[in-house]
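What follows is each chain in one-letter form.
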Amino acid sequence: MIEVKKLVKRFGLKSILRGLDFSVQSGEFVALLGPNGAGKTTFLRILATLSRPSLGQVKVAGHYLPQEAAQVRAKLGVVSHMPLLYPDLTAEENLQFYARMYGIEGMDARITEVLGMVGLEHRRKDLIRTFSRGMQQRLAIGRAVIHDPEVMLFDEPYTGLDQDASEMLDDVLRSVAAEGRTVVMTSHDLARAEDLATRFDILSRGVITASATRADLKQTNLLSFYKQSLED
Amino acid sequence: MKSSSPSLLKATFAIVRKDLAAEFRSFELISAMLIFSLLVIIIFNFALELDIKTREAVNAGVLWTTFAFAGTLGLNRSMSVEKDRGCMDGLLLAPVDRSAIYFGKALSNLAFMVIVEAIVLPVYSMLYNVNLFRIDLLAVIILGSIGYTAVGTLLATMSVQTRMREVLLPILLFPIAIPVLLAAVKASGGLLAGSTFAEIMTPFNLLVVYDVIFIAIAFMVFDFVVEE
Chain A
0 MIEVKKLVKR FGLKSILRGL DFSVQSGEFV ALLGPNGAGK TTFLRILATL SRPSLGQVKV
60 AGHYLPQEAA QVRAKLGVVS HMPLLYPDLT AEENLQFYAR MYGIEGMDAR ITEVLGMVGL
120 EHRRKDLIRT FSRGMQQRLA IGRAVIHDPE VMLFDEPYTG LDQDASEMLD DVLRSVAAEG
180 RTVVMTSHDL ARAEDLATRF DILSRGVITA SATRADLKQT NLLSFYKQSL ED
Chain B
0 MKSSSPSLLK ATFAIVRKDL AAEFRSFELI SAMLIFSLLV IIIFNFALEL DIKTREAVNA
60 GVLWTTFAFA GTLGLNRSMS VEKDRGCMDG LLLAPVDRSA IYFGKALSNL AFMVIVEAIV
120 LPVYSMLYNV NLFRIDLLAV IILGSIGYTA VGTLLATMSV QTRMREVLLP ILLFPIAIPV
180 LLAAVKASGG LLAGSTFAEI MTPFNLLVVY DVIFIAIAFM VFDFVVEE
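From first to last, the protein sequence lines stand for chains A and B.
Residues in the first sequence are numbered consecutively from 0, following numbering that gives the first Met the number 0.
Residues in the second sequence are numbered consecutively from 0, following numbering that gives the first Met the number 0.
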């Protein structure tokens, strides 16, 4: 579903990604872990078509980037630590806007379905500015899945959430993954990543330094694996 | 559930509809532009305690100074809303031609500018004792506003990505918008001085040409402006 070969991203003279190789099979849930400044967000922005690769090959959902970016965008849902929602519009109006931008047929039924999925049907007519951070993040997931994407990218979705909101987000993420979508998530929260993901990749200094599946981690835990990978 | 990439027109109007709905709920942008415009014309009214003849000569200049400054305020605010909450990424993630984002934002900005102008013009007419409600003058104002928002939307998209956006936008915009502002002032000034439409054809035609050029350039380069 995602294939990346020798990806390089430079900003001026500074290389953020240095020949990164990465691949994800359909239906996998990959947690991309690494220290601050490792290049996780830059990598996700390239996969999301928001940033151009400097060098290398990137293929998402069967389409090459950046040449076929529009086709990729139609199959991609992105959630970042910012909700990408308009505070002066209601939950329904925000979803209507994104539904129009994705050319969704049967918009009202889909919005009802999505609001039900993220548990916000009762707040349908409320302005986003009245939502808590956790509710905004749940609606952000609703926005990202409105067009039923094959691939979901989550960039630090737990940032700024309290315990209750994080647990609610866990449930929503599980339901997103259970629908068979391919998911890539960056996170600093190792416990949550360990709970949700099926594979764990460590990104450090612009390259993937280690990778392990859930089965590989039976002998150890994710924290030990993470620390060991960074030390190596 | 079926979905397909919307046409340029549908995506453009989805953005305009969203911007107008959000603005008519908060009135943040229009009220800021309006208060600023009214303050400018009132201050000019007191500052230019001149004889009637001199006042008539500066009418077009005062009018366009007001529109240009208020327009800059609106452009900055309109793009900040998209940038500050990451909504620009939301727009860029949609499977639409990115020109739709430019045209949508430019049309919204134009609508806000025209709304403010529609309120400012009667107040200006009363304060300066001049009749501004003439179809030819209104056509010049609309054309000038189109040119200003066409180039302003593009430059606001660039400047909003920097930390100095409030300062950077006027620095970038005013030198580039000079041809539009000059032609607009010249055409408006001529009409207010009693010239016929035929006599102001040169600045009027220039205004049309600049509008077309600015829209075409913005259409061609917007993709590169929003790309990382």
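Mixed in with the good hints there might be a few duds.
[Said to hold, decoys possible] Derived pair list, reagent style DSSO-like, types lysine-lysine, alpha-carbon separation capped at 27 Å:
(1) K217/A to K5/A
(2) K185/B to K74/A
(3) K124/A to K9/B
(4) K52/B to K74/A
(5) K82/B to K185/B
(6) K13/A to K74/A
(7) K185/B to K13/A
(8) K58/A to K74/A
(9) K1/B to K13/A
(10) K52/B to K124/A
(11) K185/B to K124/A
(12) K58/A to K13/A
(13) K58/A to K1/B
[To be verified] Some residues of chain B that are not near chain A, with every Cβ distance over 10 Å (derived):
(14) S4
(15) K17
(16) A56
(17) C86
(18) D135
(19) I141
(20) L167
(21) E226
[As the list claims (entries may be wrong)] Restraint-style ranges between C-beta atoms, simulated for each label pair:
(22) H121/A to I118/B: 25 to 33 Å
(23) S98/B to S14/A: 41 to 49 Å
(24) G26/A to S98/B: 14 to 22 Å
Bear in mind the hints are in silico, worked out from the structure with no lab data behind them.
For glycine and all other residues, C-beta sits at the position ideal for the given N, C-alpha and C.
Taking the hints in turn, this is what the structure says about them:
no. : hint                         : result
1   : K217/A to K5/A               : 30 Å, violated
2   : K185/B to K74/A              : 51 Å, violated
3   : K124/A to K9/B               : 24 Å, holds
4   : K52/B to K74/A               : 65 Å, violated
5   : K82/B to K185/B              : 36 Å, violated
6   : K13/A to K74/A               : 31 Å, violated
7   : K185/B to K13/A              : 49 Å, violated
8   : K58/A to K74/A               : 12 Å, holds
9   : K1/B to K13/A                : 43 Å, violated
10  : K52/B to K124/A              : 56 Å, violated
11  : K185/B to K124/A             : 49 Å, violated
12  : K58/A to K13/A               : 24 Å, holds
13  : K58/A to K1/B                : 24 Å, holds
14  : S4                           : 6 Å, violated
15  : K17                          : 4 Å, violated
16  : A56                          : 43 Å, holds
17  : C86                          : 5 Å, violated
18  : D135                         : 37 Å, holds
19  : I141                         : 27 Å, holds
20  : L167                         : 19 Å, holds
21  : E226                         : 6 Å, violated
22  : H121/A to I118/B: 25 to 33 Å : 39 Å, violated
23  : S98/B to S14/A: 41 to 49 Å   : 32 Å, violated
24  : G26/A to S98/B: 14 to 22 Å   : 35 Å, violated
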